[in-house]
Amino acid sequence: MSAKQASVHAKWIIGRVIGTKMLKTAKVRVTRLVLDPYLLKYYNKRKTYFAHDAIQQCTMGDVVLLKALPEPRSKHVKHELVEIVYKVGRVVDPFTGLKVEGTQFLEPFADLADDLDKKMSLSDQIPEVDSSASSSTASSLEPRTP
Amino acid sequence: MPMKGRFPIRRTLEYLQKGDLIFKNRVKIMTVNYNTSGELSEGARKFVFFNIPQIQYKNPWVQVVMFKNMTPSSFLKFYLDDGEQVLVDVEGKDHQLITQHVKKILCKSEEVLHVEALAKMQESNPANFGPKKYCLKECICEVEGQVPCPGTTPLPKEFTGKYRTQMAAAQE
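Protein sequences appear in the order of chains A and B.
Every letter in the first sequence is one number past the one before it in my numbering, and letter 93, counting from 1, is 93.
Every letter in the second sequence is one number past the one before it in my numbering, and letter 55, counting from 1, is 55.
Everything labelled a hint here was simulated from the structure, so no lab data went into it.
Just so you know, even glycine gets a beta-carbon here, dropped at the ideal spot from N, CA and C.
Heads up, some of the hints might be wrong.
Short derived list, chain A residues pointing at chain B, Cβ under 10 Å [said to hold, decoys possible]:
1) V34
2) V63
3) D93
Straight-line Cα separation of at most 27 Å, DSSO-like style, residue types lysine-lysine; simulated pairs [stated by the list, open to error]:
4) K46/B <-> K41/A
5) K24/B <-> K108/B
6) K99/A <-> K27/A
7) K41/A <-> K108/B
The following block holds chain A by itself, in its conformation from the complex:
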């Protein structure tokens, strides 16, 4: 066995923090979809894991990503916290980077506010394009340097 084998089968899991009363440990509830053999429908099955959280940055209700430790840290703790995916109350939209709450944005769009102020100055900056047939031969627009 050249490569170190992790102590558990599940290497990476995502779950919600349900307890932070332990020192440097977060209790995480992980749900997996399990097929009911008769109904043939998938239902969430819960399992709790304990994860090592050195700086105790988790609060109740966070959605966290856990990674399996190469060796069990103690009898129950076999995972460690990698990152908090969605911090409770401070969820950030991955595309805009703004804070959101449910289906609402908490912060206004930054570019929209600036756009209305800068509208005047922008039109002065863009040089006038002379697209008439007579003057289009030699002159060309100066390339904008990024």
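Following the hints, position chain B against chain A.
Below, chain B alone, put in the same frame as chain A:
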């Protein structure tokens, strides 16, 4: 007696086995963020309703998690083995478009699936005998039409080794 619920065909083994999204081995977690109302999330909702059971059936070791009404946008996020994360925007897309896109970026291709199927067939070669874990039969006596196991019925005298050696010794 008809099946219960809307689109009960989703709850048939045939439908589940028809799923063609088989993720690469690197994909460990799949997260779907969508909203329960709104036009933009319609494709994501249909994806969850129709395609997630197929995906989970074909990829039993991938953790699939659903988050409802967390952000105004809807997206899929995949967490790969080496810590890499793949974000797929799903807003306004049709569920078939979503499946095609995911298939293109993160699923095993047709050739790989063919090769794997071939390898599996080779493993279950009826010409090989051995432990039940690796081969179909343990001994040729289990095959119909072959000499039955001497453990169950004694062999005819002519087939036994001691009779043959006796005959060979008598001939010399």
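Quick rundown of the hints versus the structure:
Nearest Cβ of chain B to the Cβ of V34/A: about 9 Å, under the 10 Å cut. The hint holds. For V63/A, the suggested interface contact is upheld, since its CB lies about 7 Å from the closest CB of chain B, less than 10 Å. For the restraint placing D93/A at the interface with chain B, the shortest Cβ-Cβ distance is roughly 5 Å, inside the 10 Å limit, so the hint holds. The straight-line distance between the Cα atoms of K46/B and K41/A is roughly 16 Å, inside the 27 Å bound, and the hint therefore holds.
Of the supplied pair hints, the one linking K24/B and K108/B holds, its CA atoms being roughly 5 Å apart against a limit of 27 Å. Distance restraint check for K99/A and K27/A: the Cα-Cα separation of roughly 26 Å lies within the 27 Å cut-off, and the hinted pair is therefore satisfied. Annotation: proposed proximity of K41/A to K108/B holds, straight-line Cα distance about 25 Å (limit 27 Å).
Checked against the numbered hints above, the structure violates none of them.
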